[in-house]
Each structure stands twice: as C-alpha cells, then as structure tokens.
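Peer 1: As they're listed, the protein sequences go chains R and B. At position 23 of the first sequence (counting the first as 1) the number is 23 in this note's numbering, and the numbers step up by one without a gap. At position 425 of the second sequence (counting the first as 1) the number is 425 in this note's numbering, and the numbers step up by one without a gap.
Worth double-checking, as some hints may not be accurate.
Claimed, not checked - From the structure, some residues in chain B lie toward chain R, with a derived Cβ separation under 10 Å:
#, residue
1, Asp-137
2, Ile-145
3, Pro-149
4, Met-167
5, Phe-168
6, Gly-174
7, Lys-326
8, Ala-470
Said to hold, decoys possible - Once the Cα atoms are required to be at most 16 Å apart in a straight line, the calculated EDC-like pairs of lysine to aspartate or glutamate come out as:
#, chain 1, residue 1, chain 2, residue 2
9, B, Lys-157, R, Asp-47
10, B, Lys-373, B, Asp-462
11, B, Lys-157, R, Glu-93
Unchecked claim - A few chain R residues that don't get close to chain B, going by computed Cβ distances all over 10 Å:
#, residue
12, Ile-2
13, Leu-10
14, Lys-26
15, Gly-49
16, Thr-62
Quick caveat, the hints were computed from the structure, so don't treat them as lab data. Computed from a prediction, not measured in an experiment: that's the story for all the values here. A virtual CB, placed ideally from N, CA and C, is assigned to each residue, including glycine.
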Amino acid sequence: MINNFVFVALFLLGFYAILVKKNLIKMVIGLNIMEGAIFYWFITLTDRGGTIPIVNSSQVVTNLNDPIPQALILTGIVIGASTSSFLLTLIIELNKFTSSTNPDQLGGMIED
Amino acid sequence: MNTSLIVLIIIPLATAFAIPFIDVFSNKARKYLVVLSTFVELFVLIIIILNNYRYILNGTLFLKYYMGNWIPPIGITLGMDMLSLFFSTMITFAMVFIVIYSIGFIGHHEGKYYVLLFLIWSAMQGIILTGDIFNMDVFLELLLITSAPLVAFKRNKEGTEAAIKYMFYGTIGGLFVFIGVVLVYYNLGTLNFADISRNFNSLSFFIKKMISIFFLLGIFIKLGIFPFHFWLSKAHSACPSSVSALLSGVIVKVYVYVFIRLFWNVIGFEVLIENGLDKVILVVALISSIIGHIMALNEDDIKKMLAYSTVANLGMIIAVLTLNTKLAIIAALLHVFGHLLMKVSLFTTTGYLLQFTPGHKLEDFKGVAYKNKLLFVGFVVAVGGMIGLPPMIGFSSKWFILKAFINQDIHWGSIIIIVGSIIAFVYYIRFIIYGFKKTSIGTPDKFRLILSVFYRERVVTDIAIFFAVAVIIAGIFYKFALIPINGAAEMLQNPYIYVETILGG
Chain R
1 MINNFVFVAL FLLGFYAILV KKNLIKMVIG LNIMEGAIFY WFITLTDRGG TIPIVNSSQV
61 VTNLNDPIPQ ALILTGIVIG ASTSSFLLTL IIELNKFTSS TNPDQLGGMI ED
Chain B
1 MNTSLIVLII IPLATAFAIP FIDVFSNKAR KYLVVLSTFV ELFVLIIIIL NNYRYILNGT
61 LFLKYYMGNW IPPIGITLGM DMLSLFFSTM ITFAMVFIVI YSIGFIGHHE GKYYVLLFLI
121 WSAMQGIILT GDIFNMDVFL ELLLITSAPL VAFKRNKEGT EAAIKYMFYG TIGGLFVFIG
181 VVLVYYNLGT LNFADISRNF NSLSFFIKKM ISIFFLLGIF IKLGIFPFHF WLSKAHSACP
241 SSVSALLSGV IVKVYVYVFI RLFWNVIGFE VLIENGLDKV ILVVALISSI IGHIMALNED
301 DIKKMLAYST VANLGMIIAV LTLNTKLAII AALLHVFGHL LMKVSLFTTT GYLLQFTPGH
361 KLEDFKGVAY KNKLLFVGFV VAVGGMIGLP PMIGFSSKWF ILKAFINQDI HWGSIIIIVG
421 SIIAFVYYIR FIIYGFKKTS IGTPDKFRLI LSVFYRERVV TDIAIFFAVA VIIAGIFYKF
481 ALIPINGAAE MLQNPYIYVE TILGG
C-alpha cells in the first residue's frame, strides 16, 4: 500500500515540476521523476519476495520473481534516457535563438 | 505463420540504418536506395494483398507471425486482420508518394531526413501489425522520438519550440499509456492482445475503469483531442510541408488505429459503456471538433489553419467511432481514408504554392493562383473535399458520418458536424479568393530564390496533382474502399474472432 502512495507522490511531484517550474531543464527533470515513479511502482508491484532470476538448473526454487517486469523496465529506461537526452538537445538548440530556458517565452506550454 | 509481416517492418528499418553508410559513398546511390526500398515495401504489401484477395473479399483475412516461434500468449505476435490491412495499405501508399515528394522538396540534410522518415515508417508499420501491448508502447515512443526531429527540421526558433512542446506532450502521453500497460500486466500477467481481451472481464470494475482512463488519456494527448490540442497546431505547421503532410495526414491516423485496436479488440467497447465513458468521449470529441474549426477560423497562417482543421476532423472521427454501430465504424474508417488523402493533398499543394509567397499569411497568398494554375486547381479540389462537396471523397465520408449520427438519433451531433462544415467553408474560401486576387505589382520572384528548397519542381507538382486527382477518384469509387472497411467493421463488431485466431494455433 505504501508503494502506491510513494508512486502517486513521486508522480505528482514530477507533474508539479512540469506544470509550475519556469525552467525547461527542470521540466525535463520532472519528466524523469514521473518515469522513475512508474518504474519504481512496477518493480514493487510485481515483487513477490522470491528468488531473483536467473536460477541455475540444479537449484530447486519454489518462489521465483517474475523477470518480465525487469525486462520491460529496462526497455522503459532506455526510452526515457533517449527522450530526455533529445529534449535536452532541443533545449540547447533553443538557447541559441532565445538565450533563455523559460517556457513562458515560447508562448507557454499550454497556450497556443 | 506468414513471414511477410515481419518483412513489412524490417524493410524500412533496414533502409534507415543503411542510408548513413550509403551516404558516405555517394548521394546519388542514397536516392536510388530510398526509391528502391519504398517500392520493395509496396511490392511486399501488394503480394500480401494478391495472395489473400479471396479472404479480403470475404472479409476474413487473418495473417499471423510468431516472433521466434514462441506460441502465444508468450512472446510477441504479429497479426494482420482487415483493420491492420486497411491501415497498413493506406499508410504504405501515402508514404511512397510522400517519399517521392520529399526527393523533390527537401534540399538540405537529406541523409538525416530519410533516416528519420524510414524509422517513422517502420514504427507505424510496427504499431499496426503488432499484437503485443508493450511492443506497441515501444513503437509509439519510437514514432514520437523519430518524428520530433523532423518537426525541428528547419532549425529555426519556431521549429525548435514546437518540437519541445511536441516531445513534452508526447512523452507524457506515452507515460500514461505505460501506466496502463503496468496495470494490465500486474492484474492479468500477460501482454498479448488476445490474452488480455479473453481475461479482461474477470477484473474488478475499478481496475477496468482505471486502465481505460489511462489509455484514453495517453491516446488523447497524442491525438491532440480537445483539452490537449495546444501543441498540435505548432508542431504540424513549423516543419517543412512534406513533414506536415506526414504528421497531419498519416501519423495521426496511426493513433486513431491505436484507439480502435485498444478499445474494440483489447479492452472491449462494452467496458467503456458500463463505465459511462463512451458518452464522455463523444462529448469531448465533438467539442474538440467545433473548437478545432473555430480556432482554424481565427488563424491567418495557412499551415496552422490546416493543422487546426486536423484537430477538428480527428474529433469528428473519434466522435463517430464511439457510436459503435457498424455504420458508424464504416463512416469513421472511410473518413480516416478520406482525410488522409485530402490533408496530404492540401499540404503538398500548399507546400509548393508557399514557395512563391513571402510568408504563410493570408495576405501573402494574393495572386498565387496565377503562378501555377493547374496546381491551384488541385488545391481547390482538396479544399472542396474538406468542405464536403461531391464528387470528392470528403462528401461520401461526411454523408456516412451524418447517416451514422441520424441513425442513432443524436441530432445535435449531426448539427455540430454540419455547422463545422460551414465554418470550414468560410475559412478555406478566404484563401481561394485571395489566391485569385490580381496583384498590382508582380509577386516578387526573388523570394523564391531565398525560400526555394526544391530543385526538382516537376516531381513536386506531379505528386501534388496526383493527390488532388486521387481525392476525386476516391470520391467516385469509394465503394472499393468499402471492401476492406466492411470487413474491418465486421471484425470489430465480433472481437472474439481476433482472440480465437491468435490463440487458436
């Protein structure tokens, strides 16, 4: 149960950063916090307290943790890393034109 | 087992990775490679259609491929039913012509451009063919991260801003989809579409609602439906016109496909009905439709106007889909097809016409009709389709949409769509009138030298005119498009066919 609260708190923290912070780099960090919250949540949800795979063929294991979430999260981490690095590249590119990282100077994130 | 499905994904992917190596040796070889692989992809698709034409006519086509021979629900399944076939064919044909258009249109950084274009193509085919929910999520992210550099392709301030917005909104949408995937995996222990669909009704009411809401949020953010439509106009207008055509005409259709696949085959539409979400979607989509039209009316910039028109049309498509009758699904899919043709046609023609104007504004459009009369006629044809004049495809699809609304006794919905068409008439006709206005001083040709990025004018005009002709031809022979659409609607009405065919061996 506490895991769900931690997830919601972290997720909203990241969301808060995106909505409120006036710095594009901080907003990217917020995005990363949201991603991290989901990864944390997924790992804790599917943790049965069993042995961690990979298991030797000679070992007899009754309670084995599901390896699929870990594979999914590895993929998710790769996606998250590439997204945020690309976003940071774009912010550097934007800095050449405006010499600012304030999202409001771009016409804001929510207005047209 | 049908290996050609994986080939459809691999050809663009392999081309994308081959282009940088070929580019080192010669630019000419790269051009030949690009054209060659588009036609190989088209060839593979046509072979699939010809081999199975009997099943397509019956509406019972189903091809599948198990990756690495893992029998489902373990492993990734690729499946092609009538819906996938319809979308895959549409996208392949559109991409072939967009690639050829780009050869004439894009004059700088071509190597990078084609790498991204082919990765987008691969991601779109992957989303359409996959039968695994996490695989779909990965392809969605691939589609996002490969289309964002193309938004910033002009390397100016507007493009970079639009790309940043596009990335933020797209990533947040992707996160919501990922939460949905996490909930599905935690509750059902499976990622296979068919397996989820089989077990989904065993979940509790609350979990079902949460999963539907997260998927809806994710897809609506990526589609640009009403509360999230801010980013779309900027992203679809800040890029070169060939990319605008791709984003606004083709990529949004992939998200419509995701919406249909998830909520008809995987989750099941009755879940939305029992949660009362279908009425919410209907209202939100219709609001999105009318707001898109009004924003387009306010807009002076032609490319932004076209982008807002996309918002409006997507709202219309989603609204019709939620009626969930066979006629409604047919109407929506026909409008997906029609809107693809018309929007690509509009962006390809304006992309050419804008080469003669100093800017994108309404006043800049003065006298542009006299620059290339045939092409301007093509522009008028595409506009007529968007407004819904016969014999263009827009007329038949709007007719079906109105019929679907009236059959369900949702008259206010049909009124909104008619009003939207009238608003569309007003905001499109401005540009036609301005185009025919004679200018006292000849429109300065020096701008053309500055702005011109194309060096093969012939290719650009031919493709633009081809799309305009396609709008008319598709409008007259829309019954041929109804063959796959009927089959797709039939299969969506009976989702258990999908489950049985995937899991049945």
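Peer 1: Are all beta-carbon distances from Ile-2(R) to chain B longer than 10 Å?
Peer 2: Consistent with the label, Ile-2(R) stays out of reach of chain B, its closest Cβ about 16 Å off (over 10 Å).
Peer 1: Does the nearest C-beta of chain R fall within a distance shorter than 10 Å of the C-beta of Gly-174(B)?
Peer 2: It holds, given that the least Cβ distance between Gly-174(B) and chain R is near 8 Å, below 10 Å.
Peer 1: Can you confirm whether the C-alpha distance between Lys-157(B) and Glu-93(R) stays at or below 16 Å?
Peer 2: Holds, at about 9 Å.
Peer 1: Hey, is Gly-49(R) genuinely clear of chain B, shortest beta carbon separation above 10 Å?
Peer 2: 16 Å, holds
Peer 1: Against chain R, with CB atoms and a cut of 10 Å, does the hint on Lys-326(B) hold up?
Peer 2: At about 36 Å, which exceeds the 10 Å cut-off, the nearest Cβ of chain R leaves the hint on Lys-326(B) violated.
Peer 1: Taking C-beta pairs only, is Thr-62(R) more than 10 Å away from all of chain B?
Peer 2: Holds, because the least Cβ-Cβ distance between Thr-62(R) and chain B comes to about 18 Å, which exceeds 10 Å.
Peer 1: Over 10 Å to the closest beta carbon of chain B is the bar; see if Leu-10(R) clears it.
Peer 2: Given a closest Cβ separation of 12 Å, the condition holds.
Peer 1: Given the hint that Lys-373(B) pairs with Asp-462(B), does the C-alpha gap stay at or below 16 Å?
Peer 2: OK: Lys-373(B) and Asp-462(B) at ~13 Å, within 16 Å.
Peer 1: Checking the smallest CB distance to chain B, is Lys-26(R) really beyond 10 Å?
Peer 2: 12 Å, holds
Peer 1: Can the hint on Asp-137(B) be confirmed by a CB-to-CB distance to chain R that is less than 10 Å?
Peer 2: Constraint on Asp-137(B) satisfied, holds at 9 Å.
Peer 1: Was the hint right that Pro-149(B) lines chain R, CB cutoff 10 Å?
Peer 2: Constraint on Pro-149(B) satisfied, holds at 8 Å.
Peer 1: Given Phe-168(B) was flagged as interface, is its beta-carbon under 10 Å from a beta-carbon of chain R?
Peer 2: Result: holds, 7 Å to nearest chain R Cβ.
In summary, the structure is inconsistent with hints 7, 8 and 9 from the numbered list given earlier, while agreeing with the others.
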